[in-house]
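Those letters in the sequence shown? Residues 1 to 326, per the UniProt record's numbering, in order.
It is possible that some hints are incorrect.
What the hints assert, rightly or not - Label pairs and their in silico Cβ distance ranges:
#, residue 1, residue 2, range
1, K67, A33, 47 to 53 angstroms
2, P167, I108, 57 to 63 angstroms
3, S227, K120, 42 to 48 angstroms
Bear in mind the hints are in silico, worked out from the structure with no lab data behind them.
Ideal placement from N, C-alpha and C gives every residue a C-beta, glycine not left out.
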Amino acid sequence: MTRDEDDERCGAICYPIVKPLLRYAALCQGKDATINDLKDNIREKDVYIAQLKSKIELTNSMEIQLKDKETILHLKANEIVKMEKDIGDREAEIHEKKDQISKMELQIQSRETLMQSKDKLIRELENQVNSLKRTQGKLVDISEASSCLPFTDATDILTIELPGTGPFLVPCNSSVSGSGWTVIQRRVNGNENFNRTWNDYKLGFGDLRENFFLGLEKIHLMTLSQSHEFLWKDFKRRIVCHTDKLSSPGTTRSLSLSLFLYLYECEYVRVSGCDKDTADSDFGAAPTRTPTPTPIGGEMSLTMAQILREVLRVRQRQSKVFMLKA
């Protein structure tokens, strides 16, 4: 038997026996491949499961964190609510404070207005006090007046008082040449006789509101301590003579003598003799005769009084008013 025949015969015997094995081997190989695939699958699934576990853990952690955040958020929300309430309270308090401030501003304005009113009242009262003080000072000056100077803008019969004599009335004039003038003689008509005795001229005579002579004794006392201005106003209301040179303080020359010398020097009077127009025998002698002295205050002799009387009596037709001012 040949080899080929043997192979055919062996094949015909063995094949039916080996065929199931071959099939099983092929099947085993397929199973092995499937198992390997499944193993690979399992490994992948294990990896995926591990990843899932990691994600689950991460998710759990995130859930825990989320709960914590939610808790924190809830606390913050409560804090916000509380803060909103506080803000509302603060706003209400601020509004109340603003109302208080507005009221206080109104009170301050009212106080300032009141203070301004009080300041104005104080100034007015101070002005009144100062005015009263000035008035009091004027009243004191007036009550102690020794001339017409304290009687500002006065043209009236007023009272003065001088050392050595009691209070007496004098005519004050502010209408001719300012305040402070004392009228010592006025002649406005012929109702008064000026041809008088020495004693009349010494004491004064007439109506102070019309025709009068104030009196040498009073004139002497008025001008004893300080110099005076002299003003002579004529019958036409013109100022004939105005001087401030009469009787300087500290000298022994009286106003009466100064007055006569000034008038004589200015040639407003001419005295030719002292024996004219006299009303008593004491003035009947010529000026060269030395009569018995009759002093006024110890400063003016009878001779000068006689001359002054001539000035005041004889020359009065050329004048209307004599005035003095300290």
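(request) Starting from the range 47 to 53 angstroms, see whether the pair K67 and A33 falls in it by beta-carbon distance. (result) Between K67 and A33, where Cβ atoms are some 49 angstroms apart, the hint holds.
(message) I want to verify a distance hint. Is the separation of the beta carbons of P167 and I108 within 57 to 63 angstroms?
(response) Holds, at about 59 angstroms.
(message) Verify the CB-CB distance for S227 and K120 against the hinted window 42 to 48 angstroms.
(response) Between S227 and K120, where Cβ atoms are some 47 angstroms apart, the hint holds.
Comparing the model with each numbered hint stated earlier shows that all of them hold.
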